[in-house]
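*Asks:* Residues per chain are reported as follows:
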Amino acid sequence: GAGVSQSPSNKVTEKGKDVELRCDPISGHTALYWYRQSLGQGLEFLIYFQGNSAPDKSGLPSDRFSAERTGGSVSTLTIQRTQQEDSAVYLCASSETSGYTGELFFGEGSRLTVL
Amino acid sequence: AQKVTQAQTEISVVEKEDVTLDCVYETRDTTYYLFWYKQPPSGELVFLIRRNSFDEQNEISGRYSWNFQKSTSSFNFTITASQVVDSAVYFCALSGTPSGGSYIPTFGRGTSLIVHP
Chain A
1 GAGVSQSPSN KVTEKGKDVE LRCDPISGHT ALYWYRQSLG QGLEFLIYFQ
51 GNSAPDKSGL PSDRFSAERT GGSVSTLTIQ RTQQEDSAVY LCASSETSGY
101 TGELFFGEGS RLTVL
Chain B
1 AQKVTQAQTE ISVVEKEDVT LDCVYETRDT TYYLFWYKQP PSGELVFLIR
51 RNSFDEQNEI SGRYSWNFQK STSSFNFTIT ASQVVDSAVY FCALSGTPSG
101 GSYIPTFGRG TSLIVHP
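As you go down the protein sequences, you meet chains A and B in turn.
Positions 1 to 115 (the working numbering) are the ones given, in order, by the first sequence.
Positions 1 to 117 (the working numbering) are the ones given, in order, by the second sequence.
It is worth saying that the hints were derived from the structure and are not from the lab.
Note that the Cβ used here is the ideal one computed from N, Cα and C, for glycine as well.
Be careful, since some hints might not be right.
Computed from the model, here is a short list of chain A residues facing chain B with C-beta under 7 Å [what the hints assert, rightly or not]:
hint: 1; residue: F45
hint: 2; residue: Y48
hint: 3; residue: F65
hint: 4; residue: E68
hint: 5; residue: G71
hint: 6; residue: F106
hint: 7; residue: E108
Next up, chain B with everything else stripped away, as it sits in the complex:
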């Protein structure tokens, strides 16, 4: 069985602050994939990033960065200099492989980020 925990239910920040969204996962698979999705208010989930279990390199895309650490089973997401448009619910997800039996993406409960002007 696989599990994704996003312990932060809601985070409130003021514009230009940096914010980190935590994601901790559990899986028995040796090969797996981690994802982050963004769900803006009244909108559909949008894919942000995917990492596979063999690539622990951190990634940066503009103001977004991701820190993948297998040693702590975490895949955290940092937004630098947050903006009001970053306000959304962010979901972390995990999938294994068919051979491992856990190939259906499992989502965390989401973290609601509110950025105040």
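Okay, chain A solo, but in the shape it has when bound:
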């Protein structure tokens, strides 16, 4: 499809394991965001990529979280040594421009459950 694609849609893992979440943005969109959605907490910003610029990592909650974006397209969010508090829905969004003026196009999210 032409929308933002995220995988896996659901991931159950054991505490302490590493997980990788993938985001395939809309073709041609230069801006890519990762947000985390916890129950009743709204959307928490994690990281922002814009073109070839250095990413804005100011929202990453700890050094266990990292993300990369290869070739200006696909992005991977990695969580190392997962903890139960990491359980949430991880949302990826892309935007045609920088994102702050225009709409964000969201994927359906990756639901992470840490046991």
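With chain A held as given, fit chain B onto it using these hints.
*Replies:* Relative to chain A, chain B alone:
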């Protein structure tokens, strides 16, 4: 720093009732953008509307209308004659500009709207 407050956690109405979702924001930027998104059950967030800080005109789109008031820092969303398909979580969001430093869209906690038949 910027902040978006959606004080209503959940609203329950009966079909055909009008409902207003409140959004109050805080920002130091003079130029900023306000958004509403809809997240239906088990679905992705979908963009509904964007307003910039220089345009306080209210907007109407079918049964949806938006009331932007800078004087009260509010950007409220009204659904007229609600329908069951309007049941969703609605998010209000705010972004500034790179020069202002707050260019990452900040979202409120969302308001869950339940429309009963």
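*Asks:* Holds or violated: is there a CB of chain B closer than 7 Å to the CB of F106 (chain A)?
*Replies:* holds (4 Å)
*Asks:* Are F45 (chain A) and chain B close enough, Cβ to Cβ, to be under 7 Å, as the hint says?
*Replies:* holds (5 Å)
*Asks:* Would the stated hint for E108 (chain A) survive a check requiring a Cβ distance to chain B of less than 7 Å?
*Replies:* holds (5 Å)
*Asks:* Return the status of the interface hint for Y48 (chain A): holds when the least beta-carbon distance to chain B is below 7 Å, violated otherwise.
*Replies:* holds (6 Å)
*Asks:* Would the hint on F65 (chain A) stand, with a C-beta cut-off of 7 Å toward chain B?
*Replies:* violated (16 Å)
*Asks:* May I ask you to test the interface hint for E68 (chain A) with respect to chain B, counting a Cβ-Cβ separation under 7 Å as satisfied?
*Replies:* Not OK, violated: E68 (chain A) not within 7 Å of chain B, min 18 Å.
*Asks:* So, G71 (chain A) near chain B? Judge it on the closest CB pair being under 7 Å.
*Replies:* The hint is violated - G71 (chain A) has no Cβ within 7 Å of chain B, the shortest such distance being about 23 Å.
Consistency with the previously given hints fails for numbers 3, 4, 5, ordered from lowest to highest.
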